[in-house]
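Colleague: The primary structure of each chain is shown beneath.
There are 2 protein chains.
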Amino acid sequence: MHLKRSPLAPCHFPDMPHIGGVQMWTAKTGAKYQGRPDVLLVKLAGESRVAGVFTKSTAPGAPVEWSKACLARGANAGLLVNAGNANVFTGQIGRDGVRDMANMAAGKIGCEAQDVYVASTGVIGEPLTLSPIEQGVKGIQVADVNCSWENAARAISTTDTYPKGSAQSCTLDGAPVHICGIAKGSGMIAPDMATMLSFIFTDANISREVLQALLSELNETSFNAITVDSDTSTSDTVLLAATAQASHGEINDINDPELVSFKRALGLVMHDLAHQVVKDGEGASKFVEICVTGAESGSAAKAIAMSIANSPLVKTAIAGEDANWGRIVMAVGKSGAHANRDKLAIYFGPYLVAKDGYRAPGYDEGTLANYMKNPELKIRVDVAVGTESFTVWTCDLTHGYIDINADYRS
Amino acid sequence: MHLKRSPLAPCHFPDMPHIGGVQMWTAKTGAKYQGRPDVLLVKLAGESRVAGVFTKSTAPGAPVEWSKACLARGANAGLLVNAGNANVFTGQIGRDGVRDMANMAAGKIGCEAQDVYVASTGVIGEPLTLSPIEQGVKGIQVADVNCSWENAARAISTTDTYPKGSAQSCTLDGAPVHICGIAKGSGMIAPDMATMLSFIFTDANISREVLQALLSELNETSFNAITVDSDTSTSDTVLLAATAQASHGEINDINDPELVSFKRALGLVMHDLAHQVVKDGEGASKFVEICVTGAESGSAAKAIAMSIANSPLVKTAIAGEDANWGRIVMAVGKSGAHANRDKLAIYFGPYLVAKDGYRAPGYDEGTLANYMKNPELKIRVDVAVGTESFTVWTCDLTHGYIDINADYRS
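Just so you know, the protein sequences line up as chains L and Z, in that order. First residue of the first sequence: -17, per my numbering; consecutive thereafter. First residue of the second sequence: -17, per my numbering; consecutive thereafter.
Hints are supplied without guarantee of correctness; some may be wrong.
If several chains are the same, the list does not tell them apart, and a pair holds so long as it fits within one copy or across any two.
Simulated pairs of lysine-lysine, BS3-like, Cα-Cα distance not exceeding 27 Å [what the hints assert, rightly or not]: (1) Lys14 - Lys337; (2) Lys245 - Lys50; (3) Lys50 - Lys337; (4) Lys325 - Lys38; (5) Lys10 - Lys325; (6) Lys50 - Lys325; (7) Lys360 - Lys325; (8) Lys337 - Lys38; (9) Lys90 - Lys38; (10) Lys337 - Lys(-14); (11) Lys90 - Lys355.
Hint data in this document are derived by calculation from the structure and do not stem from the laboratory. These figures come from a predicted structure and were not determined experimentally.
Using the sequences and the hints given, assemble the complete structure.
Modeller: Spelled out as structure tokens, the structure:
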């Protein structure tokens, strides 16, 4: 199936700097996708530290199990990714396949197999055929210059309609530091910790513990705050690798004030990548921010926001540019989280559409109909029982989603 | 929007007998729907007992609150239903409107307003205009013969493409007893106790307590075991009225062996109505039974079954007649309920597609592709950690759902 570039896609792939200590190569196996790379190999400098978050699915893929074990033992040599087959629910053959992939990468970049992270994305349940990946990895010339970030992003994508990258810079102890990330994902997006695949690299010199703490915290409000279709992937993996090539001393205290600007920059990269995933949501024509305020707790606010963001009735109304705020009320009600129906307020962009449990005075259908034509929409709901809030991002549900998913495997 | 009759609709409305002690009339207000009844008035005989279950939404409509209070005080005189406006999120005006509706009905059938149940279905958030309903109720001639069950079912429907009715008979203490039910519903169907509107009548002589116990129990495996779109209505109401006109003594013990055949008959009516709701699911082209076995508990089995039934990726694959069982694995994994991935077995109808965490030996795509062409499908998943099971019913997710819901209010 030929997929048209999402109407919400950014104009172009961003300029992204080289990260010292990161070498990357891609290969085209031709196994599922023709004419584009579908394998990514990354080699990290010896001093690198890696942090990661993975799917909470109780039926994770073999690569997720492998990479979790890598993380536990502090593996830091490299990463091999293939797109087209997720190697999930593939039993012992799948487990053997991951080990073989790690061995291929290790042979190429010169390290132990157990030091190589592996990620796979694509169809679930199809036994993995190793030979095309093996041929692809064999063909990589490590003497070659790095592939571009854009090519790396392309190599890890499946139904994505555009490659996703984001970069930021900051200073640590006066030394310039760079952060570059790539991501893939457009369906089966409903993170329960991480979502889809994302690999983020920095030359900062930061201890593993601090790196992991930053990634876990920022993940909650970026990748874990998006949903396309409420379906949680079996392969979700986000890795953050720091190569320690920047010219500053190691930071090993999460409270180090030097970290503030780094954390902000890393958060921007992760937010940007998470938003790009939603904007490439299968069939998406609208990007929607849903902010719930006045909740009892942050988790209650998130539960309500996700209930709205995942409601097929809300999502189809948005696709139809219909400001059907009654369905927002429904979704608040079904979430089960505490809300004061008779004090509820709902805003579409700058327009108050409901307050005190009733349609707002001055409500004007024409004004709202006009607002709904925007490709990016903001919906805010105040549930009037507390002071906590949470924001999530989603897209609409269109015919495009059904076209893509009614016929994905063929 | 003109909606085509669901391809899953039954051939015709069933023959349904008169229930002694139940009088029914409909009216056409023309407020939203032209050329068909949209108001239903029911009068119950003086000895009647009523049981009920309602939406668990935290933002229920004013009619739900009114009828819950009726149930608490043992109201048993009658019922007024309007279709087209759900009278939800309508504040004090909505609450006044329900009371006024109860008064209209009380004046017509000769009782106190507080003894009349009220149910409304349709758009949420639109202030209710009472005058058309008032005109409609005024025009009803109570001397007229009962309307047909089919007309009654039509009068309570909204986006339904066919009227839904079901009837069974049995004996109690040797006396013939009849059960007739009607229902409406096709979108915003994800019961969290009851779903949509359903009104069931019997001439049996059964105490209120026993009636309520039967309704609550049977509801769990009928209306509470279906989902169209995971969205829980603000108006869900199921009422069961027993007029005590049958010629047997009152049954007031839930363990009375005489109840066995009545319970079975009532269960059949409720199952049939629940299935009819799913078969009229907005845009539905496939009716799907999902049975989860081998679970730790009934609630775990239901959580897994609902996770599969509500997955947009599973539902779109079914729409595309694609036996994409990898998405079943995904949905099991995201449910969070305990399952043994490496012992999981999946059946599509009679065909074993996966076992022991891997594609089944003899798996044949052609056979499955052929099976997927059936309008009614059965999917069974054994999660291999216990002995409990649960079955739910759902439909596929098609372009029709989006067509209907992208433009519902206009």
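Colleague: Each of the hints needs a verdict: does it hold here or not?
Modeller: Each hint tested on the structure:
In this homomeric assembly, Lys14 and Lys337 come within 27 Å of each other (Cα to Cα) only across copies, at 25 Å, whereas the closest approach inside a single copy is 52 Å. In this assembly of identical chains, Lys245 and Lys50 lie within 27 Å of each other by CA distance solely inside one copy; the values are 24 Å within and 52 Å between copies. Only between protomers do Lys50 and Lys337 lie at most 27 Å apart by alpha-carbon distance; the minimum there is 25 Å, versus 47 Å within a single protomer. Taking identical chains as interchangeable, the C-alpha atoms of Lys325 and Lys38 lie at most 27 Å apart only when they sit on different chains, with a minimum of 19 Å there against 36 Å within one chain.
Proximity of Lys10 to Lys325 under the C-alpha cut-off of 27 Å is found in neither arrangement, the shortest distances being 57 Å within a copy and 35 Å between copies. In this assembly of identical chains, Lys50 and Lys325 lie within 27 Å of each other by CA distance solely across copies; the values are 22 Å between and 45 Å within a copy. Taking the closest pair of Cα atoms, Lys360 and Lys325 come within 27 Å of each other only inside a single copy of the chain (20 Å); across copies the shortest separation is 44 Å, beyond that limit. Taking the shortest alpha-carbon separations for Lys337 and Lys38, only the inter-copy value of 22 Å comes in at or below 27 Å, while the best intra-copy value is 37 Å.
Proximity of Lys90 and Lys38 under a CA criterion of 27 Å is satisfied in neither setting, with 31 Å inside one chain copy and 58 Å between copies. In this assembly of identical chains, Lys337 and Lys(-14) lie within 27 Å of each other by CA distance neither inside one copy nor across copies; the values are 40 Å within and 37 Å between. With identical chains, the CA atoms of Lys90 and Lys355 are never at most 27 Å apart, being 51 Å at best within one copy and 47 Å at best between copies.
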